[in-house]
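Q: So the protein lines, in turn, are chains W and Z. So for the first sequence, the numbering used here puts the first residue at 1; every next one is plus one. So for the second sequence, the numbering used here puts the first residue at 1001; every next one is plus one.
If you're looking for bench data, these hints aren't it; they were derived computationally from the structure. There's no promise every hint is true.
[As the list claims (entries may be wrong)] Straight-line alpha carbon distances no greater than 25 Å define the calculated BS3-like cross-link-like pairs of lysine-lysine that follow:
hint, chain 1, residue 1, chain 2, residue 2
1, Z, LYS1144, W, LYS98
2, Z, LYS1127, Z, LYS1142
3, Z, LYS1111, W, LYS18
Predicted model, so just to flag it, every value in this text is computed and none were measured.
Each chain is listed here by its residues.
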Amino acid sequence: MAGWSDLSVDLKKNVVEKLDLMGRQSLRCTSHADRSIVDDTDFHISRVRLSISKSGYLIVVHTRIDDWLRVEILNRPNGGAIINKSQNSWNPEDVVTKELEEGTPEFWTILLLHNFFDYGTTKIDAVEFEIEGGTDAPKGVIFFFAFSDFQTLETEHLKSRNLKNASKHNKSVKAQKVRQDTKKAPRHEKCVKA
Amino acid sequence: MSSTEQGTSSAAPAEPTTAPESAAAPEVPESFYYVHGKDKVVHKVSAGALQHSALIHGMISNLGYTEEQAKANPFPFENIDGDILQMVVDWCNQHKGKPTPPEDTNLPKQKEKLFDLVLAVNYLEIKELLTYCCKQVAMMVKGKSPEEIREIWMIPTDAEDEAAEKEAKKRAGKEAAGETAAAAGDAK
């Protein structure tokens, strides 16, 4: 009787390619060997949206049209953070909520972003930022997008009325729209540079 | 299982008892080949169905077998269980000359058989079936926690892995010591 351990690395990678984002995250936590297999397997994400508001952060990851993950990291009244997670469902009953007594929403957001995307094998077509008026983009988030390993084609600011404010923080980080030459084969490149 | 025949064979391959049942007889008669797994049960498969397997297709084109030769020398796949080979043969027959559908619901759901099937299909180089099987394996752990995945896929923990590695090293060391002792004894 064969099991997961009997599969070759190539076969395991073939399976990992078919896992969704949370499946990959769960498999990463099972053992060191599987973690490195997951990290070495290409993962394509259509769109990542990061919304920053006074109440907290929202990360929406679209891997396919019908496959998305929504993680909301909110301020907890007595410190800490409240994390709401939903996957492929708008039904409020399907939302998984977790209260964390330690850490700030910014800390958990960066940790999640790091766990989700900080690999050279992750290719994101578009990263969108939505920054609520009067809110500054935290340095930690800007640094994450500046120095993490994922590759992206395009970075956009959406509805950010205080784009100037964000850009002040963001002097070293230039959000550029990288338009791919249609004649050339699409190539994922990091467009957020220090 | 219309075009697959089974028969037991020990040293000599089993003789197929009936001719292939093809309702609409093609102008050029279809050639058939024979494969057997660990259980030595011989399966008769048409060349069209075997097109799915890059390994067998390559073997056929390289060996240039006639039908008589193919009957006398079934392809042996000793590393594949009989029931798993049967599944593969059935799948090849079902999808003979047809475009492969995006989903295949006929694949086994039991994890033991599924992993064996993945290994067999990978060995036989059946790309489409491998894609289905890997998808099925991935579906097994959809929405599961790391602990559940470890249980479903029987993934050893890092501590268990280390212990197994240590034990293997110990065993290898003992074997090496035994060999050197035997060699020294021979020299004397």
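Q: Hints first: check each against the structure and report whether it holds.
A: Going through the hints against the structure:
Of the pairs offered as hints, the one joining Z/LYS1144 and W/LYS98 holds, with about 17 Å between alpha carbons and a cut-off of 25 Å not exceeded. For the hint pairing Z/LYS1127 with Z/LYS1142, the CA-to-CA distance comes to about 23 Å; that is within 25 Å, so the pair holds. Between Z/LYS1111 and W/LYS18 the CA atoms are separated by roughly 17 Å; this keeps the pair inside 25 Å, and the hint holds.
Of the numbered hints listed earlier, not one is contradicted by the structure.
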